[in-house]
Amino acid sequence: MDASAPSPAHTSRALSLTLAWRFAAFQTARLPLVPIAIIALFALAAIFADVIAPHDAQVGSLSARFRPPAWVQGGSAEFLFGTDHLGRDVLSRLIFGARVSMVVGFTAVIVAGVLGTALGILSGYLGGWVDQVIMRVTDAWLALPALTFAVFLAAVVGPSEMNIVIILAAAYWTRYARVIRGEVLSLKERDFVRLSIVAGCSKWTIMRKQILPNVVNSAVVLATLMLGVVIVTEASLSFLGVGVPPPKPAWGLMLADGKKGLMAGYWWLTVFPGACIMLLVLAANLIGDWLRVKFDPQLRQL
Amino acid sequence: MKRFIVRRVGYAALSLVLLSFTIFFFVRVTGDPTVLLLEPGASRADMEALRQQLGLDRPLLVQYWTFLSQIVRGDFGQSFYYRTPVLELYFSRLPNSLALAVVAMTFSLVIGIPSGIVAAVRLNGWWDSAGKIFALLGLSVPSFLVGLLLILFFSVYLGWLPSSGSGTVWHVLMPAFALGWYFAAAHMRLTRSSMLEVLGSEYVKLARLKGLPEALVIAKHAFKNALIPVLTLAGINLVLMVNVAVIVETVFAWPGVGRLLFEGITFRDFPVVQATVVIGGAMIVVANLLVDLLYAVIDPRIRYGR
Numbered sequence: 000m001d002a003s004a005p006s007p008a009h010t011s012r013a014l015s016l017t018l019a020w021r022f023a024a025f026q027t028a029r030l031p032l033v034p035i036a037i038i039a040l041f042a043l044a045a046i047f048a049d050v051i052a053p054h055d056a057q058v059g060s061l062s063a064r065f066r067p068p069a070w071v072q073g074g075s076a077e078f079l080f081g082t083d084h085l086g087r088d089v090l091s092r093l094i095f096g097a098r099v100s101m102v103v104g105f106t107a108v109i110v111a112g113v114l115g116t117a118l119g120i121l122s123g124y125l126g127g128w129v130d131q132v133i134m135r136v137t138d139a140w141l142a143l144p145a146l147t148f149a150v151f152l153a154a155v156v157g158p159s160e161m162n163i164v165i166i167l168a169a170a171y172w173t174r175y176a177r178v179i180r181g182e183v184l185s186l187k188e189r190d191f192v193r194l195s196i197v198a199g200c201s202k203w204t205i206m207r208k209q210i211l212p213n214v215v216n217s218a219v220v221l222a223t224l225m226l227g228v229v230i231v232t233e234a235s236l237s238f239l240g241v242g243v244p245p246p247k248p249a250w251g252l253m254l255a256d257g258k259k260g261l262m263a264g265y266w267w268l269t270v271f272p273g274a275c276i277m278l279l280v281l282a283a284n285l286i287g288d289w290l291r292v293k294f295d296p297q298l299r300q301l
Numbered sequence: 000m001k002r003f004i005v006r007r008v009g010y011a012a013l014s015l016v017l018l019s020f021t022i023f024f025f026v027r028v029t030g031d032p033t034v035l036l037l038e039p040g041a042s043r044a045d046m047e048a049l050r051q052q053l054g055l056d057r058p059l060l061v062q063y064w065t066f067l068s069q070i071v072r073g074d075f076g077q078s079f080y081y082r083t084p085v086l087e088l089y090f091s092r093l094p095n096s097l098a099l100a101v102v103a104m105t106f107s108l109v110i111g112i113p114s115g116i117v118a119a120v121r122l123n124g125w126w127d128s129a130g131k132i133f134a135l136l137g138l139s140v141p142s143f144l145v146g147l148l149l150i151l152f153f154s155v156y157l158g159w160l161p162s163s164g165s166g167t168v169w170h171v172l173m174p175a176f177a178l179g180w181y182f183a184a185a186h187m188r189l190t191r192s193s194m195l196e197v198l199g200s201e202y203v204k205l206a207r208l209k210g211l212p213e214a215l216v217i218a219k220h221a222f223k224n225a226l227i228p229v230l231t232l233a234g235i236n237l238v239l240m241v242n243v244a245v246i247v248e249t250v251f252a253w254p255g256v257g258r259l260l261f262e263g264i265t266f267r268d269f270p271v272v273q274a275t276v277v278i279g280g281a282m283i284v285v286a287n288l289l290v291d292l293l294y295a296v297i298d299p300r301i302r303y304g305r
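Residue numbers (numbering that gives the first Met the number 0), protein chains in the order written: chain D, 0 to 301; chain E, 0 to 305.
Extracted from the complex, chain E is given alone in its bound form (with noise of 0.2 angstroms):
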């Protein structure tokens, strides 16, 4: 067991230096950003000037290995464009995707696992056949589309909801459902078949044998044990909300971190670009390692495996 973490460890731990390392000079390749900081008529000596201030003037191996003894000290550098560090810009966001994806995850939940319990238990019926055209497109139709859809009903014919901003309940309920839209096909999905494993199970038809109601049989015995696997993905999902919301995000002008990343992106903003795909690789290489250790513990076949 020993042996298997550490190994699971640092193989979390090597992903993570490999995504920085690439993230690094990948960003770099995409051009000067001191073109973009200084005015259009900035002389070669300004752009040179900033450029040393930045720090970009010295060797790339050099800028790496600062950039990555200054990450261990929890410090991601400060923001070319707006001067302040990054990891206070970054934490200033997080709050607003964390809300987003709760609420996704709220919508995804209270619509994935009803109807994938509904699904199974009603096999091959009605609304098993509805629950496999919801998940295919669920699959099909991107979250964007969703976004643009909703507004198109919600904002400007009924005129209900805002369109785009932040600040209020209204503002997060359909952002929300365009980013739990996908996410509430895969828990219905994951729902039905670990329901029909669950169900086929002894102890379900102990139950049964010992003349429970079937409404009892299913509530009591069979979601709750149904449930292990569907809570589980949901986990890692919650951290996946989190970081792949930037279209979302721009259809509904949300200020989360996948904008922060985009702008990013278009200032040639270095720091801000490493900072969140490193926390957001982080969190995802993070919350994987988690699942992964606690089957392990579980299960010994999985550590034993070789």
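Extracted from the complex, chain D is given alone in its bound form (with noise of 0.2 angstroms):
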């Protein structure tokens, strides 16, 4: 155990334990298509938000509030889902939502993960007073759990999708951070960079050139895992008011709405909404614990 690391004993070994058996889980030579699946068809959602939602999602008609789903009793064709409490479609709002998620999710995660794991690697690889400051930051940033953190920044820089994606970046580039420079640290010993050293590289060559190429699978895969977490602040954020701003369709905003509707029984503006958050962070995970045991080849044999 590295003194110097600040993360506790037991977490470490919690951690691994856990982990261990979650990627084990579910390891199988198979490419997880359902997941994958679930994801594409969220994707092309987003893209074609456009072409395929029936309705305008951000305006509706005021005759045609709180209809209900297609199939009960009440509720009519034109609007599958039925609609909200402003007469808006919410299978329209699900799939503009979509955009919301997917764009906001994957760019927080790209933003966390360059920052992070170039501050890991040169915290890693550099040590000394670099590697102290970096790992210093690390810690106050972690004193504080990273949903208050997002909340506490999001009312600070005002609600809008790229602040979202700023605060979502900085709430998460600890984690990438963290384990990357673990990692470096014992990439660094290794012969490969020691003969690269001898050869007369430059730190920062060898940084680039050795170290980045063998941190990238743990980075892709921390992704990965990083989306349902993201996927799930973003929401949260939005749900509070702090996150995207009203009238845009984030599925986080759409729950907000339902609780007013929920005790009247509404039950399709909480149902709907969540069920696609649900999903969509199912698909990630999946795919990031197949992800995990793809890339490495030690849990595979546990």
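Keep in mind that the hints are not guaranteed to be accurate.
[To be verified] Straight-line C-alpha distance at most 20 angstroms; calculated SDA-like pairs for lysine to any residue:
| # | chain 1 | residue 1 | chain 2 | residue 2 |
| --- | --- | --- | --- | --- |
| 1 | E | 131 | D | 31 |
| 2 | E | 131 | D | 30 |
| 3 | D | 202 | D | 125 |
| 4 | D | 293 | D | 208 |
| 5 | D | 259 | E | 154 |
| 6 | D | 208 | D | 182 |
| 7 | D | 259 | E | 155 |
| 8 | E | 131 | D | 86 |
[Stated by the list, open to error] Calculated from the model, a selection of chain D residues having no Cβ within reach of chain E, i.e. all distances over 12 angstroms:
| # | residue |
| --- | --- |
| 9 | 73 |
| 10 | 154 |
| 11 | 263 |
[Claimed, not checked] Label-pair ranges, simulated between beta-carbon atoms:
| # | chain 1 | residue 1 | chain 2 | residue 2 | range |
| --- | --- | --- | --- | --- | --- |
| 12 | D | 262 | E | 84 | 33 to 39 angstroms |
| 13 | E | 93 | D | 159 | 31 to 37 angstroms |
| 14 | D | 32 | E | 81 | 54 to 60 angstroms |
| 15 | D | 32 | E | 93 | 47 to 53 angstroms |
| 16 | E | 123 | D | 278 | 47 to 53 angstroms |
| 17 | E | 282 | D | 77 | 48 to 54 angstroms |
| 18 | D | 159 | E | 296 | 23 to 29 angstroms |
| 19 | E | 122 | D | 159 | 46 to 52 angstroms |
| 20 | E | 285 | D | 274 | 36 to 42 angstroms |
| 21 | E | 121 | D | 208 | 46 to 52 angstroms |
Hints listed in this document are in silico derivations from the structure and should not be mistaken for laboratory results.
Quick reminder that beta carbons are idealized off the backbone N, C-alpha and C, glycines included.
Each chain sits in its own coordinate frame; assemble them with the hints.
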């Protein structure tokens, strides 16, 4: 156990035990087809939202408020999943909401990943005071739960999709930095890195050409696993009213609206956006598990 | 060992100072609180007077220094909005948060530990698969969604439980379940893997060789040891539960410290935000530090590691 690594011994042990099972649990040589299909479906919905959405997602007609789904009595085929308190079509909002979730989720995961990986490599390879500074900042960052931190930041910068991406990246880069730093610490003792030093490569070249390619796999796996977390956080922020600003159709916002009609029994306003969040996150987690097992031969033998 | 403790305590203190620094300056970026505190038509002079009264007209570094030196003396200042000491506000909310966290923890352990044990004992069996699905759902279904679905089922359809507020035992059940949901899955996963590790150990083999009935081996020899890491994690998680409940508290209108922080942010009540964040951060840092030190006492390899 590296004493300068702030990760407490118990958590890392608990974590490795837990992860080992989680990932071994879903190990399979085959592609996880169902999760991939789910992600693809949401991706298609997000890309072609303008074409497939049957109605306007932001403007409804007040004469068609709180229509139930088509198969329930009082529903019509015009609004397949019903309408909300402003008479907006739930299905269309779900389709456009997929765009918000996917764009925010993927961008945030990538921004956090690039930032965290870069800092993790610098911290792990350079060591010394650079390592100290980066790790102490990471510590302070981790003293707050990421969600609390995100809520706080969101209130500071105000709601917009761009800001949400920055906030999520700011809240989650530490995860990458920690993991990547740990890997770099062991990589830099390996022969190929030592040979590069002997061959006279600069630190910068070694980090870029030797270290980076060897941590990319971990970063990608981590990113896939983080996708679910980030999507849930975005939905939480929107639900609290500090995420995506209101007329836009985000799933978290739809749930916040749905809550107002919950006691009146308008269940479709809660159940459908909820199901979308759940499906997308579930699929992302399953793909993350699969990638992890695929990239890590040690885990496969568990 | 002494050096190890000193270094760890130093790091923890440094984390908290960095955290307080970050929060202090970020919260001041949200805008001028006097705009929200005064009537819309208030004059320039009124706003200036209020700023002076709240001490907001002084240079930022001076304000930060005052803030830090006050904390050391256990004083977190007065709320801009309620005009009462922040600590009083905090401690009026804390019991609610603790009650919620304790019930949520009970749920998570009552669900997590037995299902983890069964999954480990019936490895790769039906129970194990069910456990895997539960663990995956626990990670994938956000707590506020669980909360909303609970309201839909228990309050709207069955009419058994109150959908929001606090006061009776019935009020705490749904928010606690929603909060404990994620942690139940986490506790279950850890119980399972910890059980598996212990079941493969020499002394469990010996207990079996002695001819003890399997039930006794599991209950007495394996379970006790497997529980140690689970309870450690539960300790940390209890502290986390107090501090991450903001969204569950919002769904159920539960008056805990999470809501206090959120209201503080909305009203730009700087002292309230600073206090909740710093106290919450301190709780987490101290809990982690304690576990770290405990493990170093138990396992010398950790403290001599480097």
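Results for each hint:
1. For the hint linking residue 131/E to residue 31/D, the alpha-carbon distance of about 16 angstroms falls within 20 angstroms, and the restraint holds.
2. Of the supplied pair hints, the one linking residue 131/E and residue 30/D holds, its CA atoms being roughly 19 angstroms apart against a limit of 20 angstroms.
3. In summary, the hint linking residue 202/D to residue 125/D is supported, as the alpha carbons are separated by about 8 angstroms, within the 20 angstroms threshold.
4. Straight-line distance between C-alpha atoms of residue 293/D and residue 208/D comes to about 23 angstroms, which puts the hinted pair past the 20 angstroms bound.
5. In summary, the hint linking residue 259/D to residue 154/E is supported, as the alpha carbons are separated by about 14 angstroms, within the 20 angstroms threshold.
6. Note on residue 208/D and residue 182/D: the hinted pairing holds, with a Cα-Cα distance of about 15 angstroms set against a maximum of 20 angstroms.
7. Between residue 259/D and residue 155/E the alpha-carbon distance is near 12 angstroms, which keeps this suggested pair within the 20 angstroms criterion.
8. Proposed proximity of residue 131/E and residue 86/D is contradicted: the alpha carbons are some 40 angstroms apart, above 20 angstroms.
9. Listed as outside the interface, residue 73/D is consistent with that label: its C-beta sits roughly 17 angstroms from the nearest C-beta of chain E, beyond the 12 angstroms cut-off.
10. Separation of residue 154/D from chain E is inadequate, the least Cβ-Cβ distance of about 4 angstroms not exceeding the 12 angstroms criterion.
11. Not every CB of chain E lies more than 12 angstroms from the CB of residue 263/D, the least distance being 8 angstroms, so the non-interface label is violated.
12. Checked against the given bound of 33 to 39 angstroms, the beta carbons of residue 262/D and residue 84/E, roughly 37 angstroms apart, stay inside it.
13. A hinted range of 31 to 37 angstroms holds for the C-beta pair residue 93/E and residue 159/D, which are about 34 angstroms apart.
14. Taking 54 to 60 angstroms as the suggested C-beta distance range, the pair residue 32/D and residue 81/E conforms, at roughly 56 angstroms.
15. At about 49 angstroms, the CB distance of residue 32/D to residue 93/E agrees with the hint of 47 to 53 angstroms.
16. Range check, residue 123/E to residue 278/D: about 27 angstroms between beta-carbon atoms, so the 47 to 53 angstroms window is missed.
17. Distance hint check: the CB atoms of residue 282/E and residue 77/D are about 53 angstroms apart, consistent with the given range 48 to 54 angstroms.
18. The hinted range of 23 to 29 angstroms is not satisfied by residue 159/D and residue 296/E, whose Cβ atoms lie roughly 49 angstroms apart.
19. Checked against the given bound of 46 to 52 angstroms, the beta carbons of residue 122/E and residue 159/D, roughly 49 angstroms apart, stay inside it.
20. Range check, residue 285/E to residue 274/D: Cβ separation about 40 angstroms, and the 36 to 42 angstroms hint holds.
21. As the Cβ distance of residue 121/E to residue 208/D is approximately 49 angstroms, the hint placing it in 46 to 52 angstroms holds.
Going through the hint list in order, the structure does not satisfy hints 4, 8, 10, 11, 16, 18.
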